[in-house]
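In order, the protein sequences belong to chains X and D. Yeah, the first sequence ends on 289 if you go by the numbering used here, and it's all consecutive. Yeah, the second sequence ends on 579 if you go by the numbering used here, and it's all consecutive.
Worth flagging that the hints you see were computed from the coordinates, not collected in a lab. All values reported here derive from a predicted model rather than from experimental measurement. Worth double-checking, as some hints may not be accurate.
Stated by the list, open to error - PhoX-like cross-link-like pairs, simulated, lysine-lysine; straight-line CA separation at most 25 Å: (1) D:Lys518 / D:Lys499; (2) X:Lys150 / X:Lys204; (3) X:Lys271 / D:Lys413; (4) D:Lys395 / X:Lys12; (5) D:Lys499 / D:Lys58; (6) D:Lys413 / X:Lys59; (7) X:Lys188 / X:Lys264; (8) X:Lys217 / X:Lys188; (9) X:Lys182 / X:Lys217; (10) X:Lys59 / D:Lys391; (11) D:Lys395 / X:Lys59; (12) X:Lys254 / X:Lys186; (13) D:Lys413 / X:Lys267; (14) X:Lys12 / D:Lys114; (15) D:Lys574 / X:Lys182; (16) X:Lys12 / D:Lys391; (17) X:Lys271 / D:Lys518; (18) D:Lys162 / X:Lys264; (19) X:Lys59 / X:Lys271; (20) D:Lys197 / D:Lys187; (21) D:Lys413 / D:Lys389; (22) X:Lys271 / D:Lys446; (23) D:Lys114 / D:Lys96; (24) D:Lys544 / D:Lys461; (25) D:Lys395 / X:Lys186; (26) D:Lys197 / D:Lys163; (27) X:Lys271 / D:Lys389; (28) D:Lys552 / X:Lys264; (29) D:Lys143 / D:Lys109; (30) X:Lys30 / D:Lys413; (31) X:Lys59 / D:Lys96; (32) D:Lys96 / D:Lys111; (33) D:Lys574 / D:Lys552.
Here is what each chain is made of, one letter per residue.
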Amino acid sequence: MFAIQDYRSGIKPVFCPGCGDYGVLSAITKAFADLQLDPDNTVVVSGIGCSSSMPHDFKCYGIHGIHGRALPIAEGVKLANSELNVVVVGGDGDGYGIGLQHLIHAARRNINITYIIMDNEIYGLTTGQASPTSSFGQKTKSTPFGVIEKPINPMSLLIASGASYVARGFSGEPMHLAELIKNGIKHKGFSVIDVESPCVSFNKLNTFEWARRVVYKIEGHDPKDLSKAMEKAFEFELNPAKLSIGLLYESDRKTYEELEVELKGNKVLAKQDMLGADDILSFLDEYNV
Amino acid sequence: MDDITIRIAGANGDGIESAARILAKAIGKNGFHVFGFRSYQSIIRGGSVWFQVRASNKKLYSIGNRIDILVSIDIDGIRNNTEMLDENSVVIYDSKLGNLDKMLNELTKGKRLKSFGIPILDNAIKVGGSIYRNTYIIGLIGKIMGLSPDSIHSTIKEVFAKKPDVIPNNINAADAGYTAESDLRFKIEVNERKGDKYLLTGNDAIAIGAAAAGCKFYAAYPMTPASTILEWFAAHENHGVMYKQPEDEITAINMTIGAASAGVRAMCGTSGGGFSLMVEALGLAGMLEVPIVIIESQRGGPSTGLPTKTEQGDLLFVTHASQGDFPRVVIAPRNIEECFYEMSNAFNIAERYQCPVIVLIDMFLSEHIETINVDPSSIKIDRGLLVDKPKNDFKRYEITESGISPRSIPGTKGLAFVAPSDEHDEYGNLASDVAAGTPEGIEIRKRMHAKRMRKLDTMLKDGAIKMPLVINENADIFMVTFGSATNSCIEAVEILKGKGISAGVISFSYMFPMHTEKVKSLLSGKRLVDVECNYSAQLSKLIKMYAGIEIKDAILKYDGEQITSREISENMYKIINQK
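Isolated chain X, as found in the complex (with noise of 0.2 Å):
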């Protein structure tokens, strides 16, 4: 039986007050104690950024890694070992900006990896410049004049990529969000839990206070339904009063890893014996003179 301390390091998390990733910290942990996942049997991956700074936080195994190359390493750590609980951490920047190739290859894959992505719509640790998210005209750093790119609509992209648990939390909201990202986990494919998480620092627009003016939790919707999914995902595009929260979409299909084992009869890699001179031997008889 793991208790919340159990899956906690003890080293003081590096978030500024009133961050909201504190209550993502929370949510994850309550996640994880529910679903009663061996710390040692759990890895936690991150790329670069503020919210990057989480695997230190947990008594799992963790990755730290470079900015926008979390998914990636978690790919190669699920696929060596399939029995391993697998987490990516990480902010919008991390994976809605430099690692955009991957998000989209991944849910293509359909790994079964959960990935919660803490999105506060700016750049916090290099001091507040625009992110993929921030809005059309919000002014940063690297924006004096305002944004002039529409910004990146994750949930209609993850849906369109092919990600089989398309969910959006707020930290605000942290029992919610937990629910969220348990059944992520729980889900076999690739979970993807986008969390409005403002920046209190360098974001003056995407705040707590907007944030709970905006977010409204679903309710009768059906996320197998590909179409409504659709819908739900551009509402705040068309509308920027409506944040939904909750699950949009999810759908049953065969995970990267049981195809894996289908078609090529690779299980555990990691548990696997290495191949014998026997084995060797017989590859090279392809190639006798």
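Fit chain D to the given chain X structure using the hints.
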């Protein structure tokens, strides 16, 4: 005669490559050593390509400096391939091209070599279609070389084992070629060399060598000339290895780091352009101390450069790529046997010293074929300091004398840690945020950085890093070279001997780290000529940087073709006689 060289020329899509491989295999069955290479272009159909096969009763080091028999099925195949022809060469072409004696005489500036038109296409059509031209040519060459008909028949049966319905026509085509009216004879006697077991390319040897070293995970984005490594892994995925085609090379190396962190021997591979994308993560592997192996098969650079041509222009790049200092090892196998055996050394070094190991090859080594023998049972696996006993105070990055710290694998009870790309303490906690600049932070940075870098000294002291190969240690002058250029230098020693010059070879295969003092004393007091395939004498620069020896003379080649023993010996002769 001791050896014979045959070049078959045609267009992309004519099946020249598969024909040459069948011929090479049939020659191998007769007990000869075979060395072959193809020239092709970055297009799928058309153009002008050739495949050269050299056979001998002695060990060969190159595809040769001249051609005995040139067979061409089109005009371009004649026009583009006269450079290596001499008075003793024979040219065979399709008689439907007309009489080419005059053209050949002009192209070879009156070398008066023999040439024959043979109705290759017509005879192939008689057997079943133009597709059988190649097999007809194989039969014809088999007759000229005195190969046994049985060896040709059994080769065809083996090569087409999965397409049995094409076997009879191919055998008929080969027999038609074998019985063609021709009194040409280029027969080599089998004497000292007893036949090799396998016909492999360098990439085949890298892939099978990696599997023999226990590599179970390979990630690679397609890129010439490394792609056939991924094809091998992909074809054997149901035999205990996994191949992953990622969205780019950044993904390939990061996945490899993930898989290696999870305890699997993992590798990625590419050419220079893809390696450029891997550079940031190379440093990540250095910082996290994750054992990975990277194959870098060089082609002509810079940028897209010459995708189907060879060069050794990435040596200084791979030895110094990525920000900051961290331990890495660069191994440049010299030949196909070393491609096979160095893979297990690469993985053992990676795991023993917990650092990235780059295996630097090139297009010539990746793609040429050779008959060789290798013995997988001689391979030893050393997984380094892997721990699995739970420990209260587990220090993944423990500061030790050797620089090597105990490593645990996710899933192991009681040994969890976080591997950070930031500077960190012995537990893996960050030294980069609140600790940075504090007296403790400064101290841990110094000690941790020095710990990592000490691994380089440790591997040099342990004997993990091999010294250069020396041939003819008492020679008057030495060619200093590395990797695949070595074979041509070895061949040049014999040519120079014939001119009364006592030359030797000093060849590096372990490029970095370097045994500074030992290399210095090896090279000191010797007359040296640098031989390599790049513009700027990168090996010379590396030696000057780490061993402090300046090599003034250099024979450099950067036209995309493999350097030959003839070019080396002629230039050596010039260099010697200049002074």
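Here is what the structure says about each hint:
1. Distance restraint check for lysine 518 (chain D) and lysine 499 (chain D): the Cα-Cα separation of roughly 32 Å exceeds the 25 Å cut-off, and the hinted pair is therefore not satisfied.
2. Proposed proximity of lysine 150 (chain X) and lysine 204 (chain X) is supported: the alpha carbons are some 19 Å apart, at most 25 Å.
3. About 15 Å separates the Cα atoms of lysine 271 (chain X) and lysine 413 (chain D), which keeps this hinted pair within 25 Å; it holds.
4. This hinted pair checks out: lysine 395 (chain D) and lysine 12 (chain X) have alpha carbons roughly 19 Å apart, not beyond 25 Å.
5. Note on lysine 499 (chain D) and lysine 58 (chain D): the hinted pairing holds, with a Cα-Cα distance of about 21 Å set against a maximum of 25 Å.
6. Our distance criterion of 25 Å between C-alpha atoms is met by lysine 413 (chain D) and lysine 59 (chain X), whose separation comes to about 12 Å.
7. Between lysine 188 (chain X) and lysine 264 (chain X) the CA atoms are separated by roughly 20 Å; this keeps the pair inside 25 Å, and the hint holds.
8. Of the pairs offered as hints, the one joining lysine 217 (chain X) and lysine 188 (chain X) holds, with about 24 Å between alpha carbons and a cut-off of 25 Å not exceeded.
9. Under the criterion of a C-alpha separation no larger than 25 Å, the hint pairing lysine 182 (chain X) with lysine 217 (chain X) is consistent with the structure, at around 17 Å.
10. With a C-alpha separation of about 14 Å, the suggested pairing of lysine 59 (chain X) with lysine 391 (chain D) holds against the 25 Å cut-off.
11. Annotation: proposed proximity of lysine 395 (chain D) to lysine 59 (chain X) holds, straight-line Cα distance about 14 Å (limit 25 Å).
12. Distance check on the hinted pair: lysine 254 (chain X) and lysine 186 (chain X) sit about 14 Å apart at the alpha-carbon level, within 25 Å; holds.
13. Using a Cα cut-off of 25 Å, the hinted pair lysine 413 (chain D) and lysine 267 (chain X) holds, with the two alpha carbons roughly 21 Å apart.
14. Between lysine 12 (chain X) and lysine 114 (chain D) the CA atoms are separated by roughly 85 Å; this puts the pair beyond 25 Å, and the hint is violated.
15. Of the pairs offered as hints, the one joining lysine 574 (chain D) and lysine 182 (chain X) is violated, with about 75 Å between alpha carbons and a cut-off of 25 Å exceeded.
16. With a CA separation close to 23 Å, the supplied pair lysine 12 (chain X) and lysine 391 (chain D) stays within the 25 Å bound.
17. Restraint check for lysine 271 (chain X) and lysine 518 (chain D): not satisfied, since their Cα atoms lie roughly 42 Å apart, outside the 25 Å limit.
18. Restraint check for lysine 162 (chain D) and lysine 264 (chain X): the C-alpha separation of about 21 Å stays at or below 25 Å, so the hint holds.
19. Between lysine 59 (chain X) and lysine 271 (chain X) the CA atoms are separated by roughly 23 Å; this keeps the pair inside 25 Å, and the hint holds.
20. Taking the CA atoms of lysine 197 (chain D) and lysine 187 (chain D), the gap is about 22 Å. The hint holds against a cut of 25 Å.
21. With a CA separation close to 8 Å, the supplied pair lysine 413 (chain D) and lysine 389 (chain D) stays within the 25 Å bound.
22. A C-alpha spacing of about 37 Å is found between lysine 271 (chain X) and lysine 446 (chain D), which places the hinted pair above 25 Å, so the restraint is violated.
23. At most 25 Å may separate the alpha-carbon atoms for a hinted pair to count; lysine 114 (chain D) and lysine 96 (chain D) meet this at roughly 18 Å.
24. This hinted pair checks out: lysine 544 (chain D) and lysine 461 (chain D) have alpha carbons roughly 21 Å apart, not beyond 25 Å.
25. Among the hinted pairs, lysine 395 (chain D) with lysine 186 (chain X) is inconsistent with the structure: their alpha-carbon atoms are about 32 Å apart, more than 25 Å.
26. For the proposed pair lysine 197 (chain D) and lysine 163 (chain D), the alpha carbon gap of about 24 Å is at most 25 Å, so the pair holds.
27. A distance of roughly 17 Å separates the Cα atoms of lysine 271 (chain X) and lysine 389 (chain D); the hinted pair therefore holds under the 25 Å criterion.
28. For a cut-off of 25 Å, the pair hint linking lysine 552 (chain D) to lysine 264 (chain X) is broken: about 55 Å separates their Cα positions.
29. With a CA separation close to 30 Å, the supplied pair lysine 143 (chain D) and lysine 109 (chain D) exceeds the 25 Å bound.
30. At most 25 Å may separate the alpha-carbon atoms for a hinted pair to count; lysine 30 (chain X) and lysine 413 (chain D) meet this at roughly 21 Å.
31. This hinted pair does not check out: lysine 59 (chain X) and lysine 96 (chain D) have alpha carbons roughly 78 Å apart, beyond 25 Å.
32. As the CA atoms of lysine 96 (chain D) and lysine 111 (chain D) are separated by approximately 24 Å, the hinted pair is consistent with the 25 Å bound.
33. At roughly 14 Å between alpha-carbon atoms, lysine 574 (chain D) and lysine 552 (chain D) fall within 25 Å of each other, so this suggested pair holds.
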